[in-house]
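Chain E: place on chain C using the hints.
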Amino acid sequence: MSVDMSDEFEDRFRRMVAEARRMEERTLRALKEFEHAEGCMVPLYELRRTADGYVITVDLPGVEKEEINLLFKGDSIVVTAPCKRSTRAARRGRQLEYFIELAMPRGIDEQTIKASMKNGLMRIDMKKAKGGYEIKLE
Amino acid sequence: MADFRFYELEKAEEGVIFFDGIPDTGLVGTIAAHHVVETKKMALSVRVDSDLLPPVAVVKDMDLFEPIGVFGSGALSVLISEVPIPTEIAKQFAKELVAWMVGKKFKEVISVGGVADPNRPEVEKPEVLYLTNSPKTFSSQVDLGKLKPLGSAFLVGSKAAFLLECFRAGLPTLALFAQSFMNYPDPGASASTLEALSNVGSLKVDVTDLVKSGEEMRVRFRDLMRRTMGEMERAQKSRELESPSLVV
Numbered sequence: 001m002s003v004d005m006s007d008e009f010e011d012r013f014r015r016m017v018a019e020a021r022r023m024e025e026r027t028l029r030a031l032k033e034f035e036h037a038e039g040c041m042v043p044l045y046e047l048r049r050t051a052d053g054y055v056i057t058v059d060l061p062g063v064e065k066e067e068i069n070l071l072f073k074g075d076s077i078v079v080t081a082p083c084k085r086s087t088r089a090a091r092r093g094r095q096l097e098y099f100i101e102l103a104m105p106r107g108i109d110e111q112t113i114k115a116s117m118k119n120g121l122m123r124i125d126m127k128k129a130k131g132g133y134e135i136k137l138e
Numbered sequence: 001m002a003d004f005r006f007y008e009l010e011k012a013e014e015g016v017i018f019f020d021g022i023p024d025t026g027l028v029g030t031i032a033a034h035h036v037v038e039t040k041k042m043a044l045s046v047r048v049d050s051d052l053l054p055p056v057a058v059v060k061d062m063d064l065f066e067p068i069g070v071f072g073s074g075a076l077s078v079l080i081s082e083v084p085i086p087t088e089i090a091k092q093f094a095k096e097l098v099a100w101m102v103g104k105k106f107k108e109v110i111s112v113g114g115v116a117d118p119n120r121p122e123v124e125k126p127e128v129l130y131l132t133n134s135p136k137t138f139s140s141q142v143d144l145g146k147l148k149p150l151g152s153a154f155l156v157g158s159k160a161a162f163l164l165e166c167f168r169a170g171l172p173t174l175a176l177f178a179q180s181f182m183n184y185p186d187p188g189a190s191a192s193t194l195e196a197l198s199n200v201g202s203l204k205v206d207v208t209d210l211v212k213s214g215e216e217m218r219v220r221f222r223d224l225m226r227r228t229m230g231e232m233e234r235a236q237k238s239r240e241l242e243s244p245s246l247v248v
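Chains C and E supply the protein sequences, listed in that same order.
When we follow our numbering, the leftmost residue of the first sequence carries the number 1, and every step to the right adds one.
When we follow our numbering, the leftmost residue of the second sequence carries the number 1, and every step to the right adds one.
With the rest of the complex left out, here is chain C (with noise of 0.2 angstroms):
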């Protein structure tokens, strides 16, 4: 019996997008949740690489500098802020509010963490920890 290798290989391969897609409703469905039952907005957010840390922007329409507050926590950082933006719960009366826990990425000098605001986007900065010692080229 003949076995067609490419239609296997689609087969296969449409089981793994759809797999995919069913994990990523999954992460989305249970984001909704606890969005729904904390009351709160999960605001976007970025995570980018520098030469010597790290930069992590969150999204944060609508809110002052004032209205933050940011919590180290050691191992993450917690952002709260009023979301006063009419929201579909919003306009049920009720009062938003953005709610995200970053983990932070491993090997940092807390002491350089510093924060920013600027258009309803807030930019936390972070250096790595100093350590290692330099090779000498032989």
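No lab work stands behind these hints, which were simulated from the structure alone.
A quick note: this is a predicted structure, and the numbers were derived from the prediction, not measured.
Glycine is no exception: its CB is placed at the ideal position from the N, C-alpha and C atoms.
Just so you know, not all the hints are guaranteed correct.
Stated by the list, open to error - Mimicking DSS-like on lysine-lysine, the simulated pairs with C-alpha atoms at most 27 angstroms apart in a straight line are:
| # | chain 1 | residue 1 | chain 2 | residue 2 |
| --- | --- | --- | --- | --- |
| 1 | C | Lys118 | C | Lys128 |
| 2 | E | Lys146 | E | Lys212 |
| 3 | E | Lys11 | E | Lys125 |
| 4 | E | Lys125 | C | Lys114 |
| 5 | C | Lys118 | E | Lys212 |
| 6 | E | Lys125 | C | Lys84 |
| 7 | C | Lys84 | E | Lys11 |
| 8 | E | Lys105 | E | Lys212 |
| 9 | C | Lys84 | E | Lys212 |
| 10 | E | Lys204 | E | Lys146 |
| 11 | E | Lys125 | C | Lys65 |
| 12 | E | Lys212 | C | Lys65 |
| 13 | C | Lys118 | E | Lys125 |
| 14 | E | Lys136 | C | Lys32 |
| 15 | E | Lys41 | E | Lys146 |
| 16 | E | Lys136 | E | Lys104 |
As the list claims (entries may be wrong) - What follows is a set of in silico ranges between Cβ atoms, one per label pair, in the way DEER data are often shown:
| # | chain 1 | residue 1 | chain 2 | residue 2 | range |
| --- | --- | --- | --- | --- | --- |
| 17 | E | Ser139 | C | Lys130 | 33 to 41 angstroms |
| 18 | E | Lys146 | C | Ala103 | 41 to 49 angstroms |
| 19 | E | Ser238 | C | Arg29 | 51 to 59 angstroms |
| 20 | C | Glu8 | E | Leu64 | 35 to 43 angstroms |
| 21 | E | Asp209 | C | Lys32 | 25 to 33 angstroms |
| 22 | C | Arg29 | E | Lys105 | 27 to 35 angstroms |
| 23 | E | Arg239 | C | Pro105 | 19 to 27 angstroms |
| 24 | C | Phe13 | E | Asp209 | 42 to 50 angstroms |
Here is chain E on its own, set in the frame of chain C:
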């Protein structure tokens, strides 16, 4: 057999400009398309559906709609999608959409999008780049001299597939790309592209409200952005940060 069905609610006029709002980088085109449709109070003219799309219906005013639709008003048609186009069917969608557009004798295609720039938070006024297969057609409507041409680059995703089909079909096409956030809805970048199009009669819209309501837009489009991020990853969007090696 065609996989996408286009249900026309009104007889389409010929010689119309097609403006695409396919969700992509920073949802720049999507936000621009919504702003145009809402400002001009355009009505749904074509409903788009396919068995390949997830079973999603949009509820509005006690009616149900497909998540993809074309809104029409005189010399302009605007495509709006409430869902990102799944990567696996992006090419099929682009092929059949452009075949339908050719059949309906659309005159020109204008597409706006974003190019992700890590320095976007520092940029007050995003720069706009352009790509066209017909400078002659568009130079009388858009001051191309003020914009930078898009150099060698990769374009990735459903918008890339759509533009490729437009070029292949020989439809006069102008694509504008504003510096934008990759993963945050970017109404500022949308406003920059619409300003560059302010001399295109049917696309002339005031962007003051768009800029003013920017923060509200960022909340409103947050969920679509999150889903679009997943599709962009699947489409290998990071390639847009690489340089092509092909020299033609």
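Next item on the list: May I ask which of the numbered hints given earlier this structure violates, with the numbers listed in increasing order?
Entry: 3, 7, 8, 14, 15, 17, 19, 22
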